[in-house]
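Engineer: The residues making up each chain are set out below.
2 protein chains.
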Amino acid sequence: MSLTPSVSSSVDLRRIIDPDTYFDNNLPPTNLQWAHDEVARFVKSQAPDQRIVLVTSGGTTVPLENNTVRFVDNFSAGTRGSSSAEQFLALGYAVIFLHREQSLQPFNRHYSHSTQGMLSYLQRATDGSLRIKPEWEDKMGRDLDAYQKYTAQDKLLMVSFTTLSDYLFLLREVSLLVAGLGPQVMFYLAAAVSDFFIPSHSMSEHKIQSAEGDLTLRMNQVPKFLGPLVKNWAPLCFIVSFKLETDPQLLGSKARHALKKYGHQVVIANMLNTRKWQVWLFTREEIEPATIQIDQSDLAAGHDIEQDLVKELARRHQKYIKEAQVSHA
Amino acid sequence: MSLTPSVSSSVDLRRIIDPDTYFDNNLPPTNLQWAHDEVARFVKSQAPDQRIVLVTSGGTTVPLENNTVRFVDNFSAGTRGSSSAEQFLALGYAVIFLHREQSLQPFNRHYSHSTQGMLSYLQRATDGSLRIKPEWEDKMGRDLDAYQKYTAQDKLLMVSFTTLSDYLFLLREVSLLVAGLGPQVMFYLAAAVSDFFIPSHSMSEHKIQSAEGDLTLRMNQVPKFLGPLVKNWAPLCFIVSFKLETDPQLLGSKARHALKKYGHQVVIANMLNTRKWQVWLFTREEIEPATIQIDQSDLAAGHDIEQDLVKELARRHQKYIKEAQVSHA
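Taken in sequence, the protein lines are chains A and B. With numbering that gives the first Met the number 0, the residue at position 33 of the first sequence is 32, and numbering never jumps. With numbering that gives the first Met the number 0, the residue at position 99 of the second sequence is 98, and numbering never jumps.
It is worth saying that the hints were derived from the structure and are not from the lab. It is possible that part of the hints are untrue.
Taking lysine-lysine and the DSS-like style, the derived pairs with C-alpha atoms no more than 27 Å apart in a straight line are [as the list claims (entries may be wrong)]:
id	chain 1	residue 1	chain 2	residue 2
1	A	K132	B	K154
2	B	K132	A	K132
3	A	K132	B	K148
4	B	K43	B	K318
5	A	K148	B	K132
6	A	K138	B	K138
7	B	K154	A	K138
8	A	K132	B	K318
9	A	K154	B	K132
Where chain A lies over chain B, by a calculated footprint (3+ residues, C-beta under 8 Å) [unchecked claim]:
id	stretch
10	97-108
11	137-143
Note that the structure is predicted; figures quoted are calculated from it, not measured. We put the beta carbon where it would ideally sit given N, CA and C, even for glycine.
Work out the full structure: start from the sequences and follow the hints.
Structural biologist: Set out below in structure tokens:
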């Protein structure tokens, strides 16, 4: 028995399809029309100079079967995206939150993924009535107030996806709807998007049977959508993409390569194991990245790195808007 | 370019390792010792004739990388397992709930996977205090009371897993700890366990890079653990396994094949699309399966099929215990 590696990648670049072909060959999600109408309404309801950010958050799934029992998933609870959405709201942004269903959501994120579940926050009061435990009442009350305030002000719109295909259709739809607002729109692409997929037409119709030994999955590379996003869908917007790696040797070169290849504004680079207290902000103009980091003790005390990251991005976005006005004048 | 199917399975049966080899080649989960101690304590605290059920619930993941960014997941929110655990408790069972982290849990299940999140259940009262919304107070109160009652009576023990490997180590550990109680223990194996995995030693160390085109994943078949479970780990217990299919043509023959091959007591067969209102109960003794089904209108009104399924299994389990006592006498 030969010791071939179980994970291998071939070099057949002919199979990397272009983004348009992807949309021709895959079915749109059922909420696409709803999302179109809601985003159009949301954008229209904002003041003319309102800064808007599209935050993408959570991982995409890639089904292995048309009647889906199994799928490939990307690691992401949605921590970065949901925390960042809160920070953008606090800084006055209107936020379109394009997130994986069941991933963390702004304000709710502090409670929804507790291993104890919702009931652990409740107790019977002495009069027998059901109450929030006193130790949670202040924090939950503040989160509820914030959530209701931003919702009532129409500053937060939630749109959800599950599969890679859902995500890509929704990303294109939202991009085209906000593109006309130009520089005042930021894209904050924090979702963990699959790099590989199995095209719908060559997927197994039913649950893959296990009686016959090994399983070989041949997956195609997902076309890079950052290219058409930057060039065609939303060329005037301020676009921030993310690079997550586990090998530190690759991080800087991959971030710079992405900026050069796609020509967008910012790449946030981060390592899987340190991403909660250290990120690097790469731009085309600066030779060295800006480091943003917090103490692990601050993190433990409830200070998210997204507070610093989003503040810095908002500052750069403001500058970008001003420069666009000057060059337009 | 040849049109080879993207999902294919070879017939190299030599690579199906035996279960013992699996445990030799994979690392145990970090909670294994904790689980051992807790299950031993839990079992010891029960009355001598207490019926006990091990409910497994939720899907297992199979990492594609040692520094995990991507993994293959099995579809399962844990609905069947968490609902069944409640029914077993109501019928007087002590329940060990071996579940996927973040999957649905008994009593909490009605609230934890709401797309709106926890805050949607709360509101400010007229005096400004934080309250459960009146329309939820009764139901949540009943669920909290039930959860606290069973916990206080030491009738519900929660043990969690994430990966396939975690699950298999914990299943073996728990099985060996409860096996000595014999017929009074039921195994209710509702978890959706992966059929394929990538051995740790042949996994990619870092995030798989996507620059080189296609990705080919070669996965080994997971050894069938029902065999050693029935024969060696817990030979006297009442064992119920599940068969989920999407192709109706396969369901009956696969259920009967499993009973013949492993020699356990019951296979519950169900179809992905109808599993919430129809299941079939196969045994070795009966030629035709018993059909358990509910009206979809009952389901909508909050009647879970697990009420009927678990009641029927408890009845058969009772008979099994009696027969074992007779043959022992």
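Engineer: Decide, hint by hint, whether the structure agrees.
Structural biologist: Quick rundown of the hints versus the structure:
1. A:K132 with B:K154: holds (24 Å)
2. B:K132 with A:K132: Roughly 15 Å between the alpha carbons, so the hint for K132 of chain B and K132 of chain A holds.
3. A:K132 with B:K148: Holds: K132 of chain A and K148 of chain B sit about 18 Å apart, inside 27 Å.
4. B:K43 with B:K318: Holds, at about 24 Å.
5. A:K148 with B:K132: It holds: about 18 Å lies between the C-alpha atoms, which stays within 27 Å.
6. A:K138 with B:K138: holds (24 Å)
7. B:K154 with A:K138: violated (32 Å)
8. A:K132 with B:K318: violated (45 Å)
9. A:K154 with B:K132: OK: K154 of chain A and K132 of chain B at ~24 Å, within 27 Å.
10. 97-108: Result for this restraint: holds, n = 5.
11. 137-143: holds (count 4)
Checked against the numbered hints listed earlier, the structure breaks hints 7 and 8; every other hint is satisfied.
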